[in-house]
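Could you build the full structure based on these sequences and the hints that come with them?
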Amino acid sequence: MEENKIIYLDGAMGTMLQNAGLPAGHAPETLNLTAPEKVAAVHRAYLEAGAQIVYANTFGANRCKLAESGLSVADTIGAAVRCARQAVDDFCTAHPDAPRARVALDIGPIGQLLEPYGTLAFEEAYDIFREEIEAGAEADLIVFETMTDLYEVKAGVLAAKEHSDKPVFVTMSFEPTGRTFTGCSVDAMAAVLEGLGVDALGVNCSLGPVELYPIVARLSECTALPLIVKANAGLPDPETGAYNIKADEFAEEMSKFAALGVRYMGGCCGTSPDYIASLAARTAGLTPAKRTPAHRSVVCTPTETVVIDGVRVIGERINPTGKKRFQQALREQDMDYILAQAVEQADAGAHILDVNVGLPGIDEPAMMVKVVKAVQSVTDLPIQLDSSDPAAIEAGLRVVNGKAIVNSVNGEPKVLERVLPLVKKYGAAVIGLAMDQNGLPPTAEERFAIAERILHAAQSYGIPKEDVFIDCLTLTVSAEQDKAVETLRAMQMVKEKLGLHCTLGVSNISFGLPRRELVTSGFLTLAMAHGLDLPIVNPNSEAIMNAIRVFNVIYNRDKNAEAYIAACTQTPDAPVKQETAPAGETTLPRAVEKGLKDEARRLTANLLASGTPELAVVNEQLIPALDVVGGRFERGEIFLPQLINAAGAAQEAFEVIRAKLARTGAQTVSKGKVIVATVKGDIHDIGKNIVKTIVENYGYRVIDLGRDVPPETVVETAIREDVRLIGLSALMTTTLPAMQETIRALRESGHPCQIWVGGAVLTPDYAEKIGADFYARDARESVEICRKVLG
Amino acid sequence: MNLNLNTFNKKEVLQYLRWTGCEIPPEVDALIDDCMAQTLSVAEPRWTWTVSPIDRVARTPALAFTGQDVPALLADCDRVVFFAATLGNGLEMAIRRAQVRDMTRALVLDCCGSAAIEAVCDEAEREIYAALNDPAVYLTDRFSPGYGDLPITAQPELLAAVDGPRRIGLHLTASNILTPRKSVTALIGLADRPQNKRFRGCAYCSMFETCAYRKAGKTCGRE
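Listed in order, the protein sequences are those of chains A and B.
Following the working numbering, the numbering of the first sequence begins with 2 at its first residue and continues without gaps.
Following the working numbering, the numbering of the second sequence begins with 992 at its first residue and continues without gaps.
I should point out that these hints are in silico values taken from the structure, not numbers from a laboratory.
Small disclaimer: the values here were computed from a predicted structure and weren't measured.
Hints may contain errors.
[Stated by the list, open to error] Cβ-to-Cβ under 8 Å is the rule here; a few derived chain A residues that face chain B: (1) P110; (2) L114; (3) F123; (4) T380; (5) Q493; (6) G506; (7) E635; (8) G637; (9) D683; (10) I684; (11) I687; (12) I691; (13) L737; (14) Q741; (15) Q755.
[Said to hold, decoys possible] In silico negatives: residues of chain A with every beta carbon more than 10 Å from chain B: (16) I8; (17) K681; (18) T694.
Glycine included, C-beta positions come from ideal geometry on N, C-alpha and C.
Below you can see the structure in the form of structure tokens.
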């Protein structure tokens, strides 16, 4: 209906209200209840100027921002929407011929950063938005604006889609760099919001129309959805705050957006009804240009967009299948081990990370949420959710930050019916396995037929073709030697006849053969030549990555072999070179004292191979070495980086021991369990993490509850795991009360335990005052406390 | 506003690392240099400021009349600058990532962040002085919530005064911690005569809460 017309939005609300007498520093939303006539007058002025959509005065009406004023979200938003409606009604009465303007529920940022940068949980953000959306049910549409965090936007759009059937518009605020404050790019915004099914998207605030032009130009190339621009009146003067362009110039610059296909135009900070009137006059008769953005296959996080226009590596290592140590880490919820796999693959050059946490006896949906959140707190690579459990897939899709891949569906109708609606709802890409309820067909033609069926099914749910990837599957060549070629042929058909991207778990091919890497990398090269561009591989393997680099040179994708040459000459961005001791002279204690990680690992493996029992390695070599280092630290002969380096080397030695114990199924070496946590409200966790590293190295099992931990979580965990020693950390004077409260909760629970506390602001006196059993000045003293209590 | 940070003080990094004069092994020294370079490459320093006239009759802005210490600092001043600066989220991610595989690197990066944000504040202060373009104006020390008797609970008011969330992406958690973490808010008085660096002493030092010297009953010697 609005296809060929520009639709006008309103301009600034806050400054208009200040001009009407709202005291500075006062929440503009209070006026909805105290002086609705003033708010209605602003709406009316914009309607007179030509606005066809007015934003209700609800920008900051969320429960966090309203808390101080004591107003309820429902009352404030209800009044605001009524006020805007009244203004529209009055305007229509005065201008019976004018088309009826629409009222938008205006939703701004919550005002706190979401995890992992802040403490606000994604689920809580969702609930805050839900409350606003329910309160604004009377509005004609929902607008999220001035957003800088795409994760927060996702929470909002999901809340809108699940609690309203009104159109949803989103505008975000970009800096001249083309990114928001949180690093979100225009490409990522388009990919994620198009997937989530918003009705229009664009930019507002932060810049004037001149500076916004290149950003909107990029956006118009990324999406076919209607675009919105609500620009500031230029840039503010840092001292006076006055904006630097006038109404006619604003209108002139805004009119250029029609050629980019922008359909919704309005103003933000510094604009007034004059600006909207000028804009409407200047653009009368203009039509938003038609656009035909290229269809691209894209997955992303807010900061990292991966366009699949060449070979893109999917790292396969976050997967417990056949890996005892990984299974143990999952069972013990040892996130550090899992995250190390993520970071290692990212460092090795993976573009996308596959995440599989399926293990019998594990709550897979809950674990998926936990691991996805943890992985995206340490890398910005897009995620591929790998599960056969639709509940786990949906749980992952909800909290993933960006556009993910679902791995996988197959040609079985029941599977397609369950999973494809999720893929559509959350705007993901999906991998279709070329098999069905009857298993993997032997010939390329049959696999192709299933692939085609999957594509049609996906399209029937509204999933675009470029978001469907096909896995033609391969079995081991040692068992079915005649079938490997069928996989290659099938990929070629899928690529050429369907135009889809192909993915493949490549390493299956070599199972059961000696020197597997030779077979795997050889097959990988052939597969890429037949159309594989999303290999699921181990990026830590040099042979694999080299095969890909060579392929990119031969196929003229790596221009002038730049990437290849760089990889050949590059020294990896590894930790600074460690001192290497002359071979033969080093002992494990010496390697630990010097912080030599590689040496510590090698020497531990040697000791275990030569029959030294695990416990002897710990008690006779590692711990005495750590004591030596600890003593030197206490005497001031070395400082903190060296102490932690030594702990890091000991940790490597422990990892060798743990891996061996996991393989043999033996009990882990543990002298007892302790809990560590940074208390509620506090997000400083580096000190706590140092304590954890060092205490672990003395053979204690540390249950790390993380940061911002509520007292009840500490109590529940202590009781459930029967932990008798608990370490609490706080770094701010403002969070000390939370520490005291946690101690009180532990005491009141009646659970027998001792508590030690530490952190920058604590003193021994204060520790005693709040009822702690021990005060630790640093990580070394924490070890002494563990020894005293647990032995 | 964005700001180009080219370097910051290595001695300050060592101080945050609680270095007390022992020999620094070459690999640790190299690690510090490397982390300083990484900090400069991943940090996105941004800052913003406003100036308000001080009205002693109306007692506005309210922050200038909070407690004893701020009014004392501003005794000679007719205006007060509110300002905020942040290193952004990039360094946060780098620190979290380092914690997974190399705790030493994470610690050194964290300390680099603390030193770098101080350097950003120093540079911002120079730019403020230049923008005022008045040879007769004198700046007091920077004074932040948490110093002296200015409580952390003054953070929301200060952050709102500089429009921190919208201008530089700086926020507060429910417990008034600035996020991104490596950030500073402060006020600075503008006077018409030279200002003593009057708030010497641990209680007024920005490292007060974390200072290892102070906790060991010593001082860093700057008093």
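Here's how the hints hold up against the structure:
no. : hint : verdict
1   : P110 : holds, 7 Å
2   : L114 : holds, 5 Å
3   : F123 : violated, 15 Å
4   : T380 : holds, 7 Å
5   : Q493 : violated, 39 Å
6   : G506 : violated, 25 Å
7   : E635 : violated, 12 Å
8   : G637 : holds, 5 Å
9   : D683 : holds, 7 Å
10  : I684 : holds, 6 Å
11  : I687 : holds, 5 Å
12  : I691 : holds, 6 Å
13  : L737 : violated, 11 Å
14  : Q741 : violated, 14 Å
15  : Q755 : violated, 23 Å
16  : I8   : holds, 26 Å
17  : K681 : violated, 8 Å
18  : T694 : violated, 5 Å
When the structure is compared with the earlier hints, violations turn up for hints 3, 5, 6, 7, 13, 14, 15, 17, 18 and for no others.
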